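Keeping the supplied structure of chain A fixed, place chain B upon it in accordance with the hints.
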Amino acid sequence: MILVVSPGFLTTVQDEGRRGYRAFGMPWAGAMDRYAFAAANFLAGNPRGAAALEMTISGGSFRFEEPAYVALCGADMGAVLEGEPAGNWVAFPVASGATLSFGSAAQGCRAYLAVLGGFDVPVVLGSRSTYTRAGIGGFRGRVLAGGDTLRVGPAPAAGQLPPRRFLPRPFVPPCGGEARLRVLAGPQEEMFASDGIATFYSSPYTVTDRNDRMGYRLEGPTVRHEAGPDIITDAIVPGAVQVPGNGMPIVMMADCQTSGGYATIGTVIGPDLRLLAQARRGDTVRFVRCPEEAAITALREEHAAYAAIAGSLPGACRGR
Amino acid sequence: MHKVRMLAAGEQGLVIEFGDAIDPAVNARVHRLAHAISLRPIEGILEWVPTYRSLLVLFDPLLVARGDLAAGIGRLLEGDEGGRESLPTGRIVELPVCYGGEFGPDLDFVARQNGISPEEAIAIHSSVLYLVYMLGFTPGFPYLGGMSSRLATPRLSSPRGKVPAGAVGIAGDQTGVYPVESPGGWRLIGRTPLRLFDPDREDSFLVAAGDFVRFLPIDEEEFWGYQQMEEIRTFERKGG
Chain A
1 MILVVSPGFL TTVQDEGRRG YRAFGMPWAG AMDRYAFAAA NFLAGNPRGA AALEMTISGG
61 SFRFEEPAYV ALCGADMGAV LEGEPAGNWV AFPVASGATL SFGSAAQGCR AYLAVLGGFD
121 VPVVLGSRST YTRAGIGGFR GRVLAGGDTL RVGPAPAAGQ LPPRRFLPRP FVPPCGGEAR
181 LRVLAGPQEE MFASDGIATF YSSPYTVTDR NDRMGYRLEG PTVRHEAGPD IITDAIVPGA
241 VQVPGNGMPI VMMADCQTSG GYATIGTVIG PDLRLLAQAR RGDTVRFVRC PEEAAITALR
301 EEHAAYAAIA GSLPGACRGR
Chain B
1001 MHKVRMLAAG EQGLVIEFGD AIDPAVNARV HRLAHAISLR PIEGILEWVP TYRSLLVLFD
1061 PLLVARGDLA AGIGRLLEGD EGGRESLPTG RIVELPVCYG GEFGPDLDFV ARQNGISPEE
1121 AIAIHSSVLY LVYMLGFTPG FPYLGGMSSR LATPRLSSPR GKVPAGAVGI AGDQTGVYPV
1181 ESPGGWRLIG RTPLRLFDPD REDSFLVAAG DFVRFLPIDE EEFWGYQQME EIRTFERKGG
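Protein sequence lines, in the order shown, are assigned to chains A and B. No gaps in the numbering here: position 29 of the first sequence is 29 in the working numbering, and each next residue is one more. No gaps in the numbering here: position 141 of the second sequence is 1141 in the working numbering, and each next residue is one more.
These aren't lab readings, by the way, just hints derived from the structure by calculation. A hint or two may mislead.
Unchecked claim - Which chain A residues stay away from chain B? Per the calculated CB distances, all over 10 Å, these:
1. 156
2. 165
3. 166
4. 175
5. 246
6. 247
7. 248
Stated by the list, open to error - Per the computed footprint, the stretches of chain B lying under chain A, defined by three or more beta-carbons under 8 Å from a beta-carbon of chain A, are:
8. 1017-1028
9. 1048-1060
10. 1091-1100
11. 1136-1150
12. 1196-1208
No experiment lies behind these values; they were computed from the predicted model shown. Backbone N, C-alpha and C fix where the C-beta goes; we use that ideal spot for every residue, glycine too.
So here's chain A without its partners, still in its complex pose (with noise of 0.2 Å):
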């Protein structure tokens, strides 16, 4: 059992997030950064999917009320153990008893806690992902509050795993700095004035305060709709950016609905919405037109990533 002290800002259980229900009208929901995510899984030891906690900004403060092994990536949050710095990208054991505290991220928006086992909570529609907005899954379908308890789900001996173990530096992402986001075009790009295409290709774009696991909104010059920005309300998927009547792009995230009714310019690819994941109020980003067969090779270098990283770390279950 880990007791939350404190649950930080925005505290979720995340999964690799809901399939199978969009035509239901129900979001994947799921990690919003999933490298970091899948990352911090398998330094734990757990298979790449297992559910995790996503914590936004700024993190919790966990007393862990069993032996445990842990592991922390994405957005450094100045763990500390006992009092001692834990580090990032990293796992360890935690005694039982101890306490693992974080702080806010000087960089970056979302770190991830695993822990081996995964956290055990009900599984709603095939995920554990919070998606709180229907008030489902996760920790009884909310953001973690003070005073919850989560179990840890089963798992062999942590014994087997080395006291510290670190994501071999290659996998290490960088962070921080201006986010290019590679695009494929469409599905509505024809919407668009050429030269409010070719504004959104070239401008920088900042993060305003209006960003959450829905969507992020940018601020930056205006793109330009040639025939206006409505359209018979469509599906969408995450990474859609949609642009409004104000010009200013909306990029879709891992919560988005699955169907709006603005005209999409085109789709942030899957390997790159991390990097928005990670962007926060104030940070600028860079839109760059991908032709598919790129955004096909960053999807091959993905997952060959989870696999490099997966073999490279005894006890790592590879089962998906």
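Below, chain B alone, put in the same frame as chain A:
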């Protein structure tokens, strides 16, 4: 007939667009394709999302290339255009609704706005078999087609912070039901005691795209009766 267009929605999305109108005939083609895919799955397809005028197919691009997927879907469409693919008749889902009072605080406004009595508004609203064009917005929220223009009413200028689950509303010439409590700007004319979305139920979603919905007026006593039945079912399911 509108030429079918295939558009990219990211590296894992293929949009098959049948038209650019809210039209039952266009929507029927969307549902026919969804049905054809369910009967003859194509390797790599993960899930699909019907909308008013298009079908979004989500696929694993490492399992199937976009071109091969598009070709496979093209073959399904050819079969369909040949008339071989008949759409299963949508189910008719009856939703009991208690209109007006605390359940439908905007019923009187909707009636006044359209120069009719609240009773007429109820009669008009409950006389139609509504087509469920698609689900979206929130889990289980049906986009219904076919509401009489005699009930058309603009949205609230300032949305309510909390609309209860089951609320039946009108926005412009659309009507719909809120499956989960959420903010909303629709004019609320009634509420159904049935749960459109219940994650603990085997059939979590009461209504699917392609179904039809009919609203059955009930009184307050019946509302609480249904409500109680829903609670008993939940209780029994949880082994209580």
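| request: Quick one: work out the minimum CB distance from residue 175 (chain A) to chain B and report holds if it exceeds 10 Å, violated otherwise. | output: Check passes; 24 Å lies beyond 10 Å.
| Outside-interface status for residue 166 (chain A) - nearest CB in chain B farther than 10 Å | It holds; residue 166 (chain A) is separated from chain B by about 28 Å at its closest Cβ, greater than 10 Å.
| field | Coverage claim, chain A over the stretch 1196-1208 of chain B, checked by counting residues with Cβ within 8 Å (three needed) | value | Check passed, 5 qualifying residues.
| field | No chain B beta carbon within 10 Å of residue 248 (chain A)'s | value | holds (21 Å)
| Looking at residue 246 (chain A) again, its CB stays over 10 Å from all of chain B? | Non-interface label stands for residue 246 (chain A): nearest chain B Cβ at 19 Å, farther than 10 Å.
| task | Test the statement that residue 165 (chain A) is away from the interface with chain B: the closest C-beta pair must be farther apart than 10 Å. | result | holds (29 Å)
| query | Are three or more residues of the stretch 1048-1060 of chain B within 8 Å, CB to CB, of chain A? | reply | With 9 residues in contact (Cβ-Cβ under 8 Å with chain A), the coverage given for the stretch 1048-1060 of chain B holds.
| Taking the minimum C-beta separation from residue 156 (chain A) to chain B, is that value above 10 Å? | holds (30 Å)
| request: Establish whether the coverage given for the stretch 1017-1028 of chain B by chain A is satisfied; the threshold is a Cβ-Cβ distance below 8 Å, and no fewer than three residues must meet it. | output: That given contact holds, which follows from 4 residues of the stretch 1017-1028 of chain B lying within Cβ reach (below 8 Å) of chain A.
| task | With a C-beta cutoff of 8 Å, work out whether three or more residues of the stretch 1091-1100 of chain B approach chain A closely enough for the coverage to hold. | result | Coverage by chain A is violated for the stretch 1091-1100 of chain B (0 residues, Cβ < 8 Å).
| message | Confirm or reject: residue 247 (chain A) is not an interface residue toward chain B, with every Cβ-Cβ distance exceeding 10 Å. | response | holds (21 Å)
| query | Are there three or more residues in the stretch 1136-1150 of chain B whose C-beta lies closer than 8 Å to some C-beta of chain A? | reply | With 7 residues close enough to chain A, the hint holds.
Consistency with the previously given hints fails for number 10 only.
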